[in-house]
Structures are given as C-alpha cells and as structure tokens.
Amino acid sequence: MNADDKIRAILRMEADAVEPSPAGWDAIQQGVASRRARPWWTFGAALAGAAAVFLGVTTYVAVTDRPQREAGVGPASPPAASVSGVPTPAPSALVQPVTDAPLDAIWPLTTRSDVTVWEADPETYPALKTAKGAALAFARTYLGIPEAEVLGKEQPGESVWEARNGTLAASQLTVRGFGTDGDAPYVVVRAHHDALLIATPKVGAYVSGVFDASGTFEGVEPAIDVHLRGDSPTISGATVRAESSANGWTARVSAAGRTGTGSLLVTAPSGLDGSVAAAAAVPVRFGQPVEPKVFVAARDGRIALLSVDNGAVVRWLTAAEPGAGASDPELSDDGKSVVYVQSAGTCASEIRSVPVGGGEPTTLVPSGDGRLSHPSRRRDVLAYARLDCAAGNARWQVVVRTGGETRREDTSEPVGPVLGERFAAYVTTDAGGRRLRTVDVLGELADSETPAPEGCTWTAAAWGPRDANGREQLFAAATCAPSTTDEPQTRLYRFDADGLNRRTVATVAVPAPAYLDFAGDLLVIGTADDAAYTYVDGTLRQVSGRAGRPTWS
Amino acid sequence: MIATMARSEAVAGAGEVPLVELYRTHYRSLVRLAALLLDDVGTSEEVVQDAYIRMHGAWGRIKDPEKALPYLRTTVVNLARSRMRHRQVAEKHAPRPMPDMPSAEYGAITLAERDAVIAALRELPDKQREAIVLRYYGDLSEAEIAAAMGVSRGAVKSHLHRGKAALARHLEPQS
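Chains as they are written, first to last, in this note's numbering: chain A, 215 to 767; chain B, 27 to 201.
No farther apart than 20 Å at their CA atoms in a straight line, the calculated lysine to aspartate or glutamate pairs in the EDC-like style are these:
| # | chain 1 | residue 1 | chain 2 | residue 2 |
| --- | --- | --- | --- | --- |
| 1 | A | Lys507 | A | Asp523 |
| 2 | B | Lys190 | A | Asp218 |
| 3 | B | Lys190 | A | Asp219 |
| 4 | A | Lys367 | B | Asp76 |
| 5 | A | Lys343 | A | Asp397 |
| 6 | A | Lys343 | A | Glu635 |
| 7 | A | Lys416 | B | Asp65 |
| 8 | A | Lys343 | A | Asp395 |
| 9 | B | Lys183 | B | Glu170 |
| 10 | B | Lys153 | A | Asp218 |
| 11 | B | Lys183 | A | Asp218 |
| 12 | B | Lys190 | B | Asp141 |
| 13 | A | Lys550 | A | Asp594 |
| 14 | B | Lys183 | A | Asp219 |
| 15 | B | Lys183 | B | Asp152 |
Note that these hints are calculated values from the structure, not bench results.
Here chain B stands alone, though its shape is the one from the complex:
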C-alpha cells in the first residue's frame, strides 16, 4: 500500500498531493466516523471514498487548505445521511454482530452497557446521531458540528441535548 501511494505521489497532479496527505491523515478516522453513522463498514468506506473523489473534483474551489477537512467531513455526513435513507428497509432485518471484547482501559463499561448505548445510537433520529457522533467521536465544537451538518448552533445544542438524554438512559449508574 505504501509503495502504491509513493508511486501515486510521483505521478500526481497539483491537486493530488494534498489528497494523498489527506488520505494518510484522515481516511481511517473518517471511515470510523461514517461507520458510527451507518453501522456498515463497506458502505462507510464507499461513502468516504466518494467524499475524497468529490473533494478532488472541487479542489479548485477550496481556496484555503484548512477547509479541506471540514469539506470532507461535511460531505461524509451528507453522503451517510443519503445512504441511511436508502438502507432503511435493509437495516430493519439486518442481524446485529456481537460486540468485540472490551479492552482493559474501558473496564468500567460493561458489554451490555455498550450494546445498549450503540443500539440506542442507531435508533436516534439522523441529526441527533450525527451531532452525537461528531461531538463525542469527532471531538468537534458546536460551531464545527453546525458547519458539518449545515444547521445552526442552536440546532446543534438541541440535537446534542436530546441525543445525549436518550443515550444516558442506557448508561448504568456508577457504583
């Protein structure tokens, strides 16, 4: 893979070297973010790949390189939202994989608790789920979430409040 990318850089055009760098630094985390929104790794990869392809096409319009990551993130959220709509029928009947073992650092969280919270996350309305994932996995500020989702900061606050309340109902009380 590394060799492939090195070859790619050697022949890359002006817009492609930043794309390579963005791929190296953010592809994995964006796929993981999309997987939280979509619960399907293959589709998540497709969504993120599509986002990179679209960003490549829009590179000339992205004047500030700092805007590349927010652009990618917004595109991933939008594409994931679109895919979720398509997949409603399939999702209803899809078997849920069992969770993997928790690691020691997360020893305070039980498997049942994790299961319940993830299941509740899947049941949240799309925008609440997006806000929660961007906040708690993406570690974005309210302003950044608002930009990624294309909504106001007030709406982000509301989505976060409701989404968190729904998830908190499944957390076990601290001993």
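So that you can see chain A by itself, here it is in the shape it has in the complex:
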C-alpha cells in the first residue's frame, strides 16, 4: 500500500465505525415542519391576530414555577407575574428530598420521586401532560421569556422544540416523557443553542464547592449570565457574569453547601431589549459521587447485600429454600427492590421481587413449565428470558411485559435482557456468531442487531451513564483476541440507546464478564463463575468471595 492508499484506508476504517441513528429521518422531517411553521412568528402584524388566537389556545399549558425555587434567580425577565392563568402547584407535593434516582432532567421534575408524585396527581403540573406544554412552560418560566412560543412535533418519547423569543430562536429544547410508555410526564432534559454551548459541567455531572463552568459563544460583545439553580425550596440560585475570551466563556460558580440536584443555565441577552436571546442549560448533581458500600448479589442460593470492601454478607435479603435457590438479582430502577429468579428445579422457577430494605418477597411471574432467567424491571415493564421446557432447549424466548401487553422474541439462549428507558438489550447467538440485539419495548421503533467487532465475542450488556446530550447509552463487554497468538482481552464498548455507533471505552482485565451494572459512572462486573469486580475511575478491583450477578445497591 502506498501512502495514498493507507490514508484512504485509515479514513474509511474510522468512518465505517460510524452508524447513524435510525432517527435521522424523523429529525429531518421535524426540522422541515418547523421551517414551514416559521411564518407564524416572522410575519409580524399580518398574522398577529392568528398568533393571538394561538396564544389563547395555548395559555392552558402555562404554569407558574415553584415560587421558592425561582426566587431571585431568574434570567433577565422574571416570568412569574406574567405567566399565570392556572393554579400554582403545591410546592410540598413536588419538592422531595433527592435521595432516589436522578432523572438527569432540568425542570420541573428531576427525580424518580418527583415523577411518582406527579403521576399521583397530574393536576399539580398540568403542563407536563404534553411535550409542548412542558416545553412552553419551560421557556416561559425557567428561561424567563414571558411571551415565548415553541415549535415542534408532539410525540411520545423524546421530542425537540424550538423556543422562540419573538423572531429569535432562543433555545432548542429536548423534552422526554418519563411515563411508562415514554409518555407524560414530559420534562425538559436539555436546552441547547448552537451559538452558546456549555462545555463544563457535563450533563448530570457532580459539582461541589467553587467550580469552573465554561463553554463557547458566538456573538458580538458577549454578556453571558450563568445561573446555578437548585431544586430544594430552601436553596436560592445564584447568578454570575461570565468572562469571555477568544476561547469562549468561563465563570466561577459556587455550589457550596448544596445537595440534591439542580441545573446550570447560561443566557445571553438580546442587544435590543435585554431579554433572553440565547439560552442553554444542563442538569447537574451537587456533591461528590459516592461509591456504594454494598452491592446485591446471589450467594449460596440466596440474595444478599455484600460489602464492596471485603465481600462479606451485610444482610440476607431472601431465605434459603429447597431447589436450586435464588439467582440473577437485578436492582429495580428506583433502587428500592431487587428482582430475581427463585428456582425449585430445572424447569420450575419464578420471578420474585424483594425490598432492598428488607421484607417478604412477592411473586411477579409464577412458576410454569419454563425455566426463567435474567429478570430486569424498570417501572411497570418487566423483561426476562424463558426456556420452554416442553419444546426442549431450542426454544428460548425473551419476554417483555409492558402493562397488559407481552412481547415475545424467539432467540437462542440469551445473555440478558436488560431494560433501558425504551429498549431491552441482550446478547443472542446465531450462525454468524453472537449479536447484541436491542428491541423496542413498545414494538414501535426499529430493532437492531450488532455483530461484535472482528475477533471479538459479546459477553454481556448493560445500560450506563448518559452521554453529553443527556441520552441513555448502552454498554457491552466483549472478549477479543486480535489474533490466535494473542491473549484474549476484555473490552468495554459504548453505544447509543438503539445499539448503534459503537465506541471502545476501556480494556479491563476481567475474563469473560457475564454481567455488567452501572450506578452513574461506577461499574460492577460479574463473571459466570461468580467472581465480582468493581471498576471505578479506571481502577479495577476484585471483590472477595463469590457473588453471583452483582448489581449496585
């Protein structure tokens, strides 16, 4: 190969690793639709009457924010007085101590508890019943644009809305449905502006003490304000003016004494009237990441809390029962319970749930004529693998139960499934080798199958920390032997939620991982022979003793 051929080949190798998301066409259609709608906002007086009608129709979604939360921390135009027409939600009903899983969302719900409380009484925040309502309330209340309007397309799951301040495109809002089916409540998870970017902190990053926020801005004479906001009513926000240079903007911000979750909002004013011309925001967590001291695993046919430090049993969660015992524990997404398999025999097993804090187990899937494995639970969705004993070993299925509906996928013996927000992922085997498969829980989006990189074999998959855009990411482990003379090594790969865009993230000295589980950036790895490892900040550590299918507590 000459130099030209080599450069060409290298660029192709690099580019061919990129697999665009199947959502591209939808995004283009949405963008085209938004462009068509623009005359509503740009024709001025000629369409003012129509706009007024539209405003009248949409005022039902306007809400006021929690008064304590916004006191003294709003951008240039405090909106509370001008955005009204619906009852103020009861703060006590929504402001929860942040002790459960953060959503990595910006406003107004930021934790799983918030979602639960909202679902109990959606009228506390009726705007969150629709993605448009959530986007509009966010633009008017959180961004502080009293006359804001939003453009976008209503759909379950994730949608993108352009928040407009008159003729200005002030921010692009990503709204996500946190309900069981990706529906209400809808919450803004990201506010983006092409010309005003936040480089640090990243989405969902921990901030504490005095920290530096930074980013880039494209504009003349930038005057950028940085607002750090908390969710607790007892914490007021703070605003600082950023310093700008050729490399972008920086601001020194204090998060001292803050706990729970919050957000960093950056705004640039309009040169005309000082209102918000550009805005970007990311969710943050206050404090330092704390490695859990215990994790859940199977040992001696029972489920137990084990110490990360020495592998000792801290507390048994299940009692000993006759048969093969308990196995395959996985922590539920709210962190409150563990789902696991209780086996009485080869083809007599059931899926149970037991509270992490202690209590009696409850049966989720009763014993039938199948062997069950790999249960995974996320809110009302339960997924597991099932071997139909009557049909012999050839008939494995991955079962996904969503509310009253059950989806079954025939497969070879799978590793998984593991449930994400929208997809279930598992490793399956066919004539071409092992494949990483993702299936849409609702059966609406395209499923995908990803072969392992050449020389590698998939061994396990798990959902991990979000990317810089706040999107869920899938991780998979593979055993790789670049050539027959090389020692096999284990690699950890990262994907988008739909199983596309593979990237290598680490090589770890764990032989054939069979289980992965993340708590934020913290990873626990289990092997088929019940060894457990923690992988934190690039450091791999083996936990003493046996631990089957470890999962963070």
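Take the given structure of chain A and dock chain B to it, following the hints.
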C-alpha cells in the same frame, strides 16, 4: 424505519420525494464524512440533518437535481466548520475513545498507525482536514473539492499537499 419512510413518501410534497431519495442514498456517507471532520457522531448527525433541512428549504432554487448532492456536501462542510469553531474549548479536554479492532482487509495497517494518523487528522487546520477528508474519504476530484469548500483549485492542491505531508509523517514505512 422503512415503514416510516414509506408513509412519509405517501404524504410527501413535491420537494420531499427527492429528499427521501437523497436521504436513502447519501445520509449515511454524509454522516460519516461529517464524523471525520467533527469526531463526534451526535454532532455529525445534527449537522447532516440540518443540511437536509436547509436543502429542503432551498429546493426551489436548485434547478438541476444533479446539484443536490454537491449542495448537501457544501452545506455539511460549512456547518461542520462552524461547529468546530464552537467546540474548540470542549475538544481540548474530551477523552479520545479507543479505536475498534482493525479488520483483516486492513491488516497492513497497525492500530498505532491508525491512531496516529487519525490524531494527526484532528490536529490539521480546518481547511486541510476538509480537503483530505473530501479527497480520501469522499473520493472527490480537485474541482469538486474546490466547489464544496468554496475555494480555488489551487488552494485545494495546496491544502491537500500540506495535509497529506502532515499525515504521511505518521505512516509506518513499508516492510
């Protein structure tokens, strides 16, 4: 996805059927081209999607359908250039992912070599990187590169010469 697109075609207006076709035939390669310019898949997708949206808006002005792809390519290059400027701060500190395994057909290229060349590509001045990507990944002629970048053919020659020289320093000698 296919079903979605089929539905889209059924309701598409005059300008949208070509857009669907252009999406089918060129979206993936344009995202990959943008990824070489930007080193970030998500941003690359956004850039290419934006290019399609802009082309849809400009469809009435594109009289020759043959010009659609060059229009898209030029828009992608311009938008990627703009994004690169925005991302300079973030890029400095972003961790680099490890490369995937090389496949057998590229057995003559070592991982270290690939790493070094890609790293050098990222360090090239914007226009040199654009010229190199369009030449070696896009397989465009000098005239086509000049059109996509909005520069003269002479400038393209110069960018290619300098860019290639910088990358060649990281190629391992042939055994």
